[in-house]
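With chain A held as given, fit chains B and C onto it using these hints.
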Amino acid sequence: MSLATTDVIRPEAGIAGRFLMGFRKVPGSVIVAITILALVAFATIFARGILPYDFDQMDLRARLAPPVPLEGSTLAHPLGTDKLGRDVLSRLLIATQTSILLSLLGTIIGAVIGTFLGFVAAHFGRWVDEGISTLVDFQAAMPWFIIALAVLAFMGNSMVVFLFLLGMYGWERYARITRGLVLAAREEGYARAVHALGGRSWTIYLRHVLPNILSPLIVQLTISFPETILFETSLSFLGLGIRPPMTSLGQMLGDGRDYLVSAWWLAVIPGIMIFLTTLSMSIFGDWLRTRFDPSLQD
Amino acid sequence: MTVTYALWKVLRAVLTMWLVVTFVFFVLRLTGDPVAQLLPDDVDQNTIDYYRRLWGLDQPILVQYWRYFEALFHGDLGISFRDNQDALELVLGRLPKTALLGFTALGFAIAFGLPLGVIAALKKDSLIDRIVMSVAVFGFSMPNFFLGILLILGFSLYLRVLPSSGSDTWLHLIMPALTLSSTMGAQIARYTRSAMIDVMNKPYMRTADSKGAGTTRRLYLHALPNASIPIITIIGLKIGELIGWAVVVENVFAWPGIGRLLTHAVAMRDLAVVQCILMMIALTMVTANLTVDLIYGWLDPRVRVGAARERLQ
Amino acid sequence: MTLSLLAQTPSRAPEPEPAHEAFLKLDKVERAFVYRRGTLTRPAKSFNAVDGVSLSLRKGETMAVVGESGCGKSTLGRLAAGLMRPTGGYVDLDGISFGELSADGWRDSRTQVQVIFQDAAGSLDPRLPVETQVREPLDLHNAGTREERRRRTEEMLMAVKLGRHLWKAVPGELSGGQQQRVVIARALILEPGLLICDEPVSALDVSIQAQIISLLADMRDRLDLTMIFISHDLAVVRQIADRVAVMYLGQIVEEGPVERLFSAPMHPYTKALLAAVPVPDPAVKRSKQLLMGDPPSPHAPPAGCRFHTRCPIATERCGTDMPEMRSFGSVHVACHHAEERS
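Protein chains in written order, with numbering that gives the first Met the number 0: chain A, 0 to 297; chain B, 0 to 312; chain C, 0 to 341.
For reference, chain A alone in the conformation it holds in the complex (with noise of 0.2 Å):
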């Protein structure tokens, strides 16, 4: 490693010092993203302490009220009212809460899972390999959208099924990611060597793998997590996934849908929530990879 006669950085500064120093410069549309991902991530956390109104709340003496600057739109409602009267903004803020909570846990879950079998197929080897191999090989085979689809259609309407296939929905990804990164740390001169000086196998995987291995799998996370939440989106527009009473972004945009002509903003206003939320997501998983891995040309 070379430093820069601009950039010395003391060692006494230790692990911390070296990370924060590492933020000197932050191209403004991260910036952006990041301001929008903690709004999102704010909406999520405070939803229901900052409801103007309860989600489901029906005025029907205001019904199809359109967001503020346009004709016939009142103040109590800014973001505008549906078929029931209900406020557009208050069901923003749950059914948000709802996508992201949901997406985020799936993608967790398919992480978690996937980098352990990785983990798993990496250390013993031959048949546990194989037999791991194959299965992600069967998993990057199935249409799983489609898989979903039918399964939930065919279940009913089931909290744990969604969130099971959210969270099946590409453990495959890490599991070949990682197995791939622990086949080729578990050569390196440090971890031969603290196993020569009597260090057990999964104490070198937590202590030295899994921590030099964490950026790809987290590159993979910010790149999973929007992929997760157009998963759930997706069916729950098809009107598969969440459906009513309960409501989330996708189930939002289904309902919209038929309103197009009369109040189009019950649609495009979800949906631009879900299009921020994924952009600023994908321009943070870019930045981290350059700024994890500067090799990288994409």
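Where hints are given, some of them may not hold.
The calculated EDC-like cross-link candidates involving lysine to aspartate or glutamate, where the alpha carbons are at most 16 Å apart (straight line), are [as the list claims (entries may be wrong)]:
#1 B:Lys96 x B:Asp167
#2 B:Lys8 x A:Glu129
#3 C:Lys270 x C:Asp232
#4 B:Lys237 x A:Glu226
Treat the hints as calculated values from the structure; they're not laboratory data.
Frame of chain A; chains B and C shown alone:
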């Protein structure tokens, strides 16, 4: 590429196919009773039993499984509960529409994505590069059903230029195809860009550069075919995703293809049709993966597709 | 484990006491490597990187193993450390036979023997501060309380003379010599009885080499280490070894006390190696005894004496009969013509 390698890959593909079919079979049957769903609520038990027997659903599940495979080998994929038509026929009947949509979308995706990716690579790190890549990021962050809705809002409802549903004229094709092509086009642009950058950094390209611009232009025509290998790979690997998106898009635009058939069948609990569609989709995906594997094996036996997949992800 | 050994001021006894028990004993050790996998129709092809080596070291002795690349000295080092299992013969360290250990037993044995390699940076985790890495062996074997481990680590870091301001640095911020000091500290913190050094200074600048060698000698004296020092550089070996073993194509061809070997080598290969060592004084005339030809491939060693294809005094007998290891006082040589002066 050795014969062993090819045979092994084919075997793997067949095994995967079988696993998928089995998985789908059991999942669908174990998740609810199709008969009760299908018939009106006030029907009596005798009728329910009759239909159950008619469709062979009263047998233990393993018997059903065996029967299913038996029928499969005779080319019989069951009868649609709803229409009483042969499921396979039904599905194949809708295939052309989906194929039309799919290939058009693929065409758009390549037509837009490829040149954009090349331009971005050639002008790497310039403003143009950044703009193109931003467009690409926008492209695959945008949920395609939302894009479809926006297009409908803009072109059908506001400008009244394009029809929003159905598939009668070529005008009907534009919006759905555009919508479907957006995500894939963006991905193609990104991967083309990085593949081109990789190729351009190779030593032989730089030597050519120093010899003069005319030669380089010709070499770009060599570089591009080299770079197209990863592009073919993504298309192959992402076909499954494409099919998934197609289902959604067909629903948004009421395009009468397999995707729409699937949603209807699923709503109707039409087992045979759902299974048939799932099998065909799985077959397409497995074949696509296998083809990519074999192409890679042929081009360079040392390069495992797994490594390429990892890089692409 | 007491820390008193480190605190002692070093003073090495001029002659090591002749203990009759061998501390480390290698008996006709072999190690085969497969270089072509077997198929259904053809058996796998392997060769012996180490082919029938017998050595014994007393406690506190330092044995250097020298030879060209590919002679098997690194493999021998690994075998002596128990990092590899011999495919023939056995390795015995202070009563522990490496071949018979269970996984747990093997892990415990790591407190008795440690290895230092050439690539110091490669042996260290690029992410962790060096202080943590030096302490790690104590954590792995659960030695002492947290406070004791912290103190021990400090003592060790001071003993290898690594500046305090570098203790929290990561390996990438240290120079090659500093990294090697860290590696030495980490290897010795459990106070093993045997230390194997595999080309520890070959990747370092010459000026740093002397410092590290002197550090190793110092630590050896303080901790009463038995050491195997592997190198292709004879000049370096002279500073630290008591005895030297010369290896060629998997076998030991000569072995004896260091000064004896340097002043009166008996095996033609040893003579050739010595002749190749640059001597700074241009006035010294030496007879050039260059080796003829290229070293044969270890996969297909020559028949008879393996060195005979490059030996200036080879005779017909050398091409057919493998020479036995014979003793001439404290020196052991494997050559048909050892007695002859040249």
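Any hints this thing doesn't respect? Which numbers, in order? none
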